[in-house]
Structures are given as structure tokens and as C-alpha cells.
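**Student:** This is what each chain is made of:
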Amino acid sequence: AQTVTQSQPEMSVQEAETVTLSCTYDTSESNYYLFWYKQPPSRQMILVIRQEAYKQQNATENRFSVNFQKAAKSFSLKISDSQLGDTAMYFCALISGTYKYIFGTGTRLKVLA
Amino acid sequence: NAGVTQTPKFQVLKTGQSMTLQCAQDMNHNSMYWYRQDPGMGLRLIYYSASEGTTDKGEVPNGYNVSRLNKREFSLRLESAAPSQTSVYFCASSESAPEQFFGPGTRLTVL
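Protein sequences, first through last, are from chains A and B. In terms of this note's numbering, the first sequence opens at residue 1 and continues consecutively. In terms of this note's numbering, the second sequence opens at residue 1001 and continues consecutively.
Next up, chain B with everything else stripped away, as it sits in the complex (with noise of 0.2 Å):
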């Protein structure tokens, strides 16, 4: 049973290139979310996924789109990276109880 596991741990990208973040979770849970976090800011909400086939913006979606691919795996893409996009990006997931279960984290830089 490994929880909420993301890929890749750590990434660097050029202004401009795009990528993928992978999240997937082995509890069989019905939510998942992504989040930022950034140095004095605490984790904020970027989108998510009440149940499979749903999505939903958070408090910072700019500049992100998602996809719930299925129940397991939840993906966040970076279109065109741009420096603010920097941070430790978290994937978690819940089921009918208000813990979340956060993944290892990925640290993107963007030059």
C-alpha cells in the first residue's frame, strides 16, 4: 500500500517548455487535489477532483489544467512554464472523511 505517489520528484524546465505531473493513489479514495507551495505562503489549492469524470479550479488554477484519468490517477499539466510556476507541487487525496493524504511532493523549477 503505497498512498498518494507523485512523479517526478524533482524538474526543471525552460520558460516556455511544458510538462506533466503524475499523481496516483492506491486507497481508493473518491477526491483528489493538487496544491503549491510556496515559501511563506502555505499550500494553496490549485484544482480538483470531487469524484471521477469531475474537476474543479482552486484558488490558483491560472497557467494549470488537470485530468482525473481515471479513479486512481489525477495528472496536472503546465502548458507554457513560466518562473512563477516555481514551487513544491503536492497531490492528496480524501474519501468521506476531511483528512487528506498528501504525496511526496515535486520541486519544479522554471528558469
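So that you can see chain A by itself, here it is in the shape it has in the complex (with noise of 0.2 Å):
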């Protein structure tokens, strides 16, 4: 079975610096997809970033930017200079096989000004 857990349920960083969320998962598949998608108080899922299993680069996407360790089953998100509209749910996600999502149980992180 497939699985991602997410082991910190909330976070809090000052607006500007840097933070870390953490994601493992685990997966038999060779071929495989993750992500994370944020999601406000709208509640809206908006895709973060997104990390194909056979890149070895990191994906970055300006200020949000992984940390890919396929051996260890880690995928971490970084966000640099944190913004007050970065306060939201953030899911990890792994894909595979037939496009279904398995998400992670969330981490809130809050933007403190």
C-alpha cells in the first residue's frame, strides 16, 4: 500500500524567514510523481511544485524549492522569505500507476508578522 505522512500538524514562522515542511512517503512504484498543493482559508487547492521520482534535480519554483531523497522516501518543501499569504494547509501528495492521489494529513502553517 501506499502511503505519505506529514508529522508536523502545524508550523509557525516569522514573515521573511525560511521554513521547512516535511513529507515521507512510501511506494513500491518505480514511477512516480509528488507534489504539494496549498490550501487557503478559501479553501482552494492550488498546486505548489511538483517532483517527477526519476529527476534527480530538486524542483524549484521561486520561492518554494524540495528537497528530493528517493533513497530515504523524503520529500521536504522549503519555503524561503516567507509571506503573511503563505498561511495556509500545505498537502504533500504521491502519485502513481492510475493517477490517484494519496495525500498526506496536512501540516497549518502560520506566517507571523
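One should not assume that every hint holds.
Calculated lysine to aspartate or glutamate pairs in the DMTMM-like style (CA-CA distance at most 25 Å, straight line) [stated by the list, open to error]: (1) A:73 x B:1099; (2) B:1057 x A:29; (3) B:1071 x B:1038; (4) A:70 x B:1099; (5) A:110 x A:15; (6) A:78 x B:1099; (7) B:1014 x B:1052; (8) A:55 x B:1095; (9) A:110 x B:1052; (10) A:100 x B:1073; (11) A:73 x B:1059; (12) A:70 x B:1026; (13) A:100 x B:1038; (14) A:100 x A:26.
Since the hints were derived computationally from the structure, they do not count as laboratory data. Predicted, not measured: the structure shown is a model, and the values here were computed from it.
Take each chain as given, in its own frame, and dock them per the hints.
**Tutor:** Below you can see the structure in the form of C-alpha cells.
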């Protein structure tokens, strides 16, 4: 069975600081994708960043980057220069095979002014 | 281009009532999905439709039915609502790329 684990239910960070959200996963598939989604209070699910398992290079999108450790099955999200608008729930997700997402339970991030 | 739309945004039902949640996408995607989101549980797949005319069960299908009306529309029906179905429901769609695009969600309360 595939699993995604987010062990940090809540985190906080000062504005302009850097924060890292953790995610570990388990899958027996060799071809899979990993994602981070952001869910602000509006409830809309917004794709933040994606990583293909076959790519060794870590994905980066502006202030968001990942640390993908394939052997350790770890996929953490780093947010640099945190902004108040980054306050949200963040979900880690895994897809393989039939394109059905497996989501983690989420990390609630609060950016403090 | 509205993406994925869902109606209604909010709904309150009494136990035993039925209702249908509507979802439509204008991105010409083949695959569509229904999820429920409960506190502390993340999103869990209820049903999905890989293409027009096909539907399959996901992780938590009990108490729900779906209809893929056409390529654009995928509805979720609760025949006899129960308090355990109080949740936020999300519809999503995807094409060949693995990203799924989500609607704004429907908050359903069953009393």
C-alpha cells in the first residue's frame, strides 16, 4: 500500500524567514510523482510544486523548493522569504500508476508578522 | 476559462435526505475525480472517472453514487445522507499530465 506521512500538524514562521515542511512516503512503484499543494482559508487547492521521481534535480518554483531524497523516501518543502500570504494548510501528495492521489494529513503553516 | 466549478458551495441536509453535487470542467480533460476532506484526514478519493462513460470506486465509496454525464460533467449523489458524510467535497480533473486541477469545494453538513 502507498502511504504519505506528514508528521508536523502545525508550524509557524516569522515573516521573511525560511521554513521547511516534512513529508515521507512509501511506494513500491518505480515511476511516480510527488506534489505539494497549498490550501488557504478559501479552501481552494493550489499546486505549489511537483517532482518526478526519475529526476534527480530538486524542483524549484520561485520561493518554493523541495529536497527530494529518493532512497530515504523523503520529500520536504522549503519556503524562503516567508510571506503572510503563505499562511495555509500544505498537503504532500503522491501519484503513481493510475493517477490516483494519495494525500498526507497536512501541515498548518502560520506566518507571523 | 473557469477551470473546475462546483455547485453548491454550501449545503445543509437532514439525515435521510438526498442530494446531488454537481461538477463541471471546461479544460477538455478526460479524467475526473471526487474527494472528501475531513479534519486530520487529508483528501480521500470517493470515485473517479478515467474517461467519459467509465466510473470506478476509490478509497471511500460507500454511501455515494456518481454519474459521468458527458466529458464535462461528473456528479456525486448521496441517496440517504448520514451525519458521517458531513465533510468538504472536492471535484478535480486531469488530462495526461499527473496534475489534478481542483474545484473550490462544497461544504456539506448533515444534521
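**Student:** Would you pick out the hints that fail for this structure and give their numbers low to high?
**Tutor:** 3, 7, 9, 12
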